[in-house]
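So the sequence lines, in the order shown, correspond to chains A and Y. Residue numbering for the first sequence is 2 to 418, as defined by the numbering used here. Residue numbering for the second sequence is 665 to 773, as defined by the numbering used here.
These are calculated hints, taken from the structure and not from any lab test. Don't take each hint at face value.
In the PhoX-like style, the derived pairs of lysine-lysine whose C-alpha atoms are separated by at most 25 Å in a straight line are [as the list claims (entries may be wrong)]:
#1 A:K68 to Y:K768
#2 Y:K763 to A:K249
#3 Y:K713 to A:K354
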Amino acid sequence: MARRRYSVFALAREALRYHAGWERAWNSPAPKSRYDVIIIGAGGHGLATAYYLGKNFGITNVAVLEKGWLGGGNTGRNTTIIRSNYLQDPSAAIYEKARSLYETMSQDLNMNVMFSPRGVIMLAQTEHEVRGYQRTAHANSLQGVQTEFISPARVKQLVPIMNIDGPRYPVLGGLWQERGGTARHDAVAWGYARACSGMGMDIIQQCEVTGIRREGGKVTGVTTTRGDIGCSKLGIVVAGHSGVMAEKAGFRLPIESLALQALVSEPIKPCMDVVVMANTVHGYMSQSDKGEMVIGGGTDGFNNYTQRGSFHHIEETLRALVETFPVISRLKMLRQWGGIVDMTGDRSPIISKTPLGGCFVNCGWGTGGFKAIPGSGWAMAELIAKGEPGPLAAEFGLNRFAEGRFIDESVAAGVAH
Amino acid sequence: MLILRCPYCGVSGEETEFHAGGEAHLKRFGPGSSDAEFEAYLFQRENPKGVHFERWRHVNGCGKWFHAARCTATLEVFGTYPAQSTEPPADLRKAISAKRPGWKWREFS
Ligand SMILES: Cc1cc2nc3c(=O)[nH]c(=O)nc-3n(C[C@H](O)[C@H](O)[C@H](O)COP(=O)(O)OP(=O)(O)OC[C@H]3O[C@@H](n4cnc5c(N)ncnc54)[C@H](O)[C@@H]3O)c2cc1C
Ligand SMILES: [Zn+2]
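Input sequences plus hints: build the corresponding full structure.
Structure follows, in C-alpha cells:
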C-alpha cells in the first residue's frame, strides 16, 4: 500500500506523460466491521493522532471517520498562524513540540506543507500588553522557547506598511518569534491522510458517527451513517462538535462552541513578509503566497454551530486593522467564512481520559489549534496507545477543572492565537 | 445578525444593541456543595446543537438582563422572557416543541 514518493523526478516523469500517472493520495475503503482504534474526526488533530499511533506505536488497525470531507472543519478554515511563545510551561512544551515538528513535516510526510517560518509579531498596543508580553518573553527564555520582546522601531523595520503611531492603538512594542509562521492547512491534512493510508489505515469520509456503543462502562464501538463499527479504543477529536459527541458517550465537557471568522482580500503585490497579530483589537493579518491579505478576527459572543458569524465582528476587526495598516483601506475583500471553535474556560486544550473506559478526548483547541496539530497528535497517540497520558498531555486532563489547576492562557497569550 | 426583543422595554433590535451572557438557568452551588457540583456549575455547559436558553443584556438600551431561547443550529430566536424566571415560560416551551419536536434541555423539555 506504500505510496509512490513525490519528488522532482516524479514531477518530471508526470510532466512527460500529461500527468496521467498520479495515483490517488489515499484510499477510500468501505468500513470494516471492527478496528483496534477508531478516531472520530478527520481534521488535523484526528489525522495526526492516527499517524503517530502508527509511526510511534506500530498501531495501524485504525480507522478515521469523518462526517464531511477530510480537513473540511476548522483545519481547512483557519488562518494558519504557527507559533509557540505561550506563557505557561505545559503550553510552551506542547506548542514548541508542534512547531519543531512543523519544521520537518514536509520531509516526514513527503508532502509539501509549505511551512513558512517567516516570523510572527504580536503587537503590544497597551501598557498592559507590554508587561504581559515581557513576562511571556522571560517565561519563554526559561522554557527554551526562542522569542524576544522588540521595540516599536524594530516592528516598523519588519513591517514598513504599519502605522505605529495610530491615535487609538499606538504600537508600544511586540513579541517576536522568528521561527513562527504559516503553513498550507489543506496540505497538512492531506499529508497526514496520505501517510496514514500508506500505513494501511482506513480514512472514511461521508461517515457521520451518530452514537457511541458501550458495555459495562467501556466503549465497544460506534454507530454511523455507514453502519455499526466495533473498536477497542475510541478517540473523539471533533473540535466544535465535542460537546455533541460527549453527550452521546454519556459525559459532559467544559466546552462551549462559538463561531470564529476569517476573510481574504483581493491579491496584491508582496507588501508584508511576516505575520502580525494585534490582540487588543482582535485582528491578525498575513499575506498568502497568492498575494491575498489573510485576516482573522475574534469570536462571536454566543453559542453557535452554523459556521457563520456576525457581520459586525468583521467590521470591528477591519476598522481596527485599517488604523494600523492604512494601505489596506481600499482593498476589496474576496471571501469570508466561519468555523465552529471549541472554547474552554482557561483557553487551553483538553487531551484526556474520560469517564467512559477506552474513550479518549482531544478538544478545546479553540481559536488556536492549527499550530498544535503535530504535537497534539503525538500526545494523543501516546495517551491512546498506553491508556495513560505522557509528559506532553499530563497537564491537559479533564480533572484540572475540578482541581482548579488551570493552564491560563486567556490573558498573556492574547485573545486569539 | 440576530434580532432580539427586550422583554422589559419592548424594543426589538439587532444583536449589536445587546450583549450575550452565556447559558441561562444555571443552578448556583457554593460552600458546602460537592466538588463535582461546584465544577459542573462553574465549567460544564449544555452547549447543545439545537435549542439553547441563554442570558442577554440590553446594553445599548435599558440595560436590563433577560433570557432568550434560540436555536444554535439555525440561529432562529424562539422568544425572550424576563430574567426573573427560574424556568422558560410554558407557552414558549410549547412553541419550541411545535418547531423542534423532541428537543432536550436539562429538566425543562
Ligand atoms: C477562522 C479561524 C481561524 C483560525 N486561525 C488559526 C490560526 O491562525 N492558527 C491556529 O493555530 N489555529 C487557528 N484556528 C484554530 C484551528 O483551526 C483549530 O484549532 C484546529 O484546526 C482544530 O483542528 P481539529 O482537527 O481539532 O478540528 P477540525 O478540523 O474541525 O476537525 C474536526 C472534524 O470532525 C468532524 N466531525 C464532527 N462531528 C463528527 C461526527 N459526528 N462524525 C464524524 N466526524 C465528525 C468534522 O466534520 C471535522 O472535519 C482558527 C480557526 C478558525 C475557525
Ligand atoms: Zn430593554
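### Message
Between the alpha carbons of K763 of chain Y and K249 of chain A, is the straight-line distance 25 Å or under?
### Response
Roughly 23 Å between the alpha carbons, so the hint for K763 of chain Y and K249 of chain A holds.
### Query
Can the restraint linking K713 of chain Y and K354 of chain A be considered satisfied, given a maximum Cα separation of 25 Å?
The hint holds at about 24 Å.
### Task
Sort out whether K768 of chain Y lies within 25 Å of K68 of chain A, counting only the CA atoms.
holds, 23 Å
Checked against the numbered hints above, the structure violates none of them.
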